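Colleague: As a plain string of letters, each chain reads:
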Amino acid sequence: MEKLLIIKSLSKKFGVENVLHELDLSLAEGQVLSILGRSGSGKTTLLKIIAGLETLEQGQIFLNQELLNTWPPQRRNILYLYQEALLFPHLNVVENIAFGLRLRRMPSAEIEQKTAQMLEELGLSEQAQKMPDELSGGQRQRVAFGRALIVNPRVLLLDEPFGALDAQTRQQMQVLFKRLAQAHRITAIFVTHDLKEALLMGDEMATLDHGQLTVYPTKTAFIEDAATGVQAELAFWKNLVITDPTAH
Amino acid sequence: MFRRASLLVYLLLCIVPLLLGLGYVLAYSFGLIGLLNHGFTTAHWRAVLLDKTFWQSLGYSLYIALACMSIVVVVSAALLAGFRKNLTQGFLSAFIYLPLTLPAIVAAFVCFQLWSKSGLISRMVYQVGWIANLDQFPEWINDAWGLGIIFTHTFMATPFFTLLFLQVYEREKIQRLEQLAFTLGATPRQAWLKVTAPILWRKSFFSILLYLVFVMGAYETPLLLGRQSPEMIAPLIIRKLQKFNLLDMPQAYVISAAYLLLLMGFGGLVFSKIKTRMA
Amino acid sequence: MKKTLLFPAILLAFIFGFPLLFLLLLSFGQQWPYPSILPLHWSEETWQKIAWEKRIGNGLGLSLLISLSVGSIASILSLLLAKAVAYSPNQRWWLGGAYLLYLVSPVVLAASWQFYFLRLGWAGQPLGVWLAQFFITLPFGVIFFNSFWNEQQRSLEHLVATLGGTPWQTFWRVSFPLARGPLLICFFQSFLISWFEYGLTALIGVGKVQTLPLMVYQFIGEANIFYAALASCLLLIPPLLLLWFNRRFVFIER
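As given, the protein sequences belong to chains L, X and R, one line each in that order. For what it's worth, the numbering used here labels the leading residue of the first sequence as 1, then goes sequentially. For what it's worth, the numbering used here labels the leading residue of the second sequence as 1, then goes sequentially. For what it's worth, the numbering used here labels the leading residue of the third sequence as 1, then goes sequentially.
Quick caveat, the hints were computed from the structure, so don't treat them as lab data.
Capping the alpha-carbon separation at 30 Å, the derived lysine-lysine pairs in DSS-like fashion look like this: (1) L:LYS13 - X:LYS273; (2) L:LYS178 - L:LYS114; (3) X:LYS243 - R:LYS208; (4) L:LYS196 - L:LYS8; (5) X:LYS194 - X:LYS273; (6) X:LYS173 - X:LYS273; (7) L:LYS48 - L:LYS8; (8) X:LYS173 - L:LYS130.
The following label-pair restraints were derived from C-beta to C-beta distances: (9) L:GLU29 - X:MET1: 34 to 40 Å; (10) L:GLN172 - X:ARG171: 30 to 36 Å; (11) R:ARG119 - X:ALA144: 38 to 44 Å.
Interface residues of chain R toward chain L, partial, derived using beta-carbon atoms under 7 Å: (12) SER155; (13) PRO177; (14) LEU178.
Computed from a prediction, not measured in an experiment: that's the story for all the values here. We treat Cβ as the ideally placed atom computed from N, Cα and C, and that holds for glycine.
Given these sequences and hints, build the entire structure.
Modeller: Pasting the structure below:
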């Protein structure tokens, strides 16, 4: 399969600290790569470098065989989604979603049609005229998704996108993302510190620890590696013995 | 590119004027420029630093600012404690803003018409029969203790700090902390002294310090309400500048330079303390 | 419990509002010999003088012109400059300069600048006074907007960039609309700094640029308290109007 995104020996330092070290990675079109990483592992820096929001010291980033290194973020069409939805507080839901299209000076009629369709897909039609501060956390994150997807990004970078949501909303959003990813054939890197979420969302798996990236050939390899913590988790559930004091 | 140009403009419009001013003042004070000056000399600095006028003026300015801010902090805290409900709703919440609309010169004028020997208070005291003529009324304006100046600045600053404290009280959710203290067994007095007051103090310390420096540099109020000895620092500088005694000019610039350098040192100190604490 | 506070609250409100009432009374008064509590005669004559006494009208017009233009230009420029300062790696040093300018007594600054203004022929000119006031309001604006250009703002800018927006689009579609509220507050605050300024104006204007605060002082010097009260009332009209519209225009945390 032809790879869409290829990263070769990427390194980044902040002062003397090695944030990312000799990092290699490739991603085929339509695939989602889950990266499991704790806070401080360098994951945010990695995503910002790919999006062009942070400079790199060494290495190459190719998108469709073109070297991206010196491209400004505006040209890359790679979108970075934050943990918080970061909606424009002065625009309502429709205008937040339409924002990227307005930047491209698309005809109004076309924008209207596309945003209506996106709202429908996200189940937000009823909220169309609301302002960001009138929405729930899950709704805000959905608007952020819509705002990103509507411009057809080449790659979507998600940085703990559901980290601020409660467990139930988080699950709903995971299902929604999975559905959208398949429908739109989204190429994405999904960074999370949640083991279950990483397994659920990714087609391919990797871990990032102290700036070192380990990519696994298969999901099975990821599960079997003790370093990912999956084995420990399985052992916990297997060995769980319930001692119920009321049973006596 | 744009950012670099902006920084250049900032440099030109904010930093350069400051440096030019400081440069001129320093050069004049060391005899490098000016009509009666003949090259580098420390004579003017020596004259100023060895004379008590400068030190007295500095101390007097500090005294006025400290006296004013002590009263302001205490009164503002008391107003917050006693009138918090009235300050958030109803007529008092509007009236408290009124003193903020007063320029210093107008506030000083009102103070003069109120407290001077022929002022409104003196007339009222006369009508009541406490004094037989206006000379018996105490000297509260142009007095040695700077009572008029302190009164004016206190009047202008108290609403400001009351509103500031109110803002801190709400932002830091102090009411919830007070209630927590109550459940831990604190009396209202203890809750106020051990919870509310320390938080208000910490959170507004920087503003109090800034205001203190403002009052120290006051010009209009001592101009109308003060006297020549002791005299606050800003009117002293301007008086020495405008006396048209050319020998006084270098001294005025020595005092200006000393004041600027003092503020720079003080600012640097506070700034490094505050920023390192935040980082 | 709140009932018992009504009288003290009224008393406080009276104290806070008293200077305004007092000035208004004096501006309508005509003779006020000791020991009468109120002026002996009342007349609106002083107020009518605004119309035909040229210097009051001129002072009012000049003050308005200077303060409105200083306020608007300084606040817009400081919004832009504050961004460069806030995003600079040496933010602390840059900002230190602004804080220092903000702290120094304006009249002492004027004393240190007077030589340059005289040399350039700007002293005694409205232009000179305008510039000097501009120099002291600009640092205020930069400090004011420093907190506007925060992490959140930077993230929004990044987001717009990845969505394909140019810096120009970012400014007009996101930063500027978000800055509109703060800009208004900064404008009014800068306006008031300029409107209230006495010492700096007196020194740089060498007494030739007669703004309203200078007239108040001059009338006091002429022992004409009724005129001084009138000029004071005129000085209070803009801040009172601002207060009427929005309290935040008059009070901000420094």
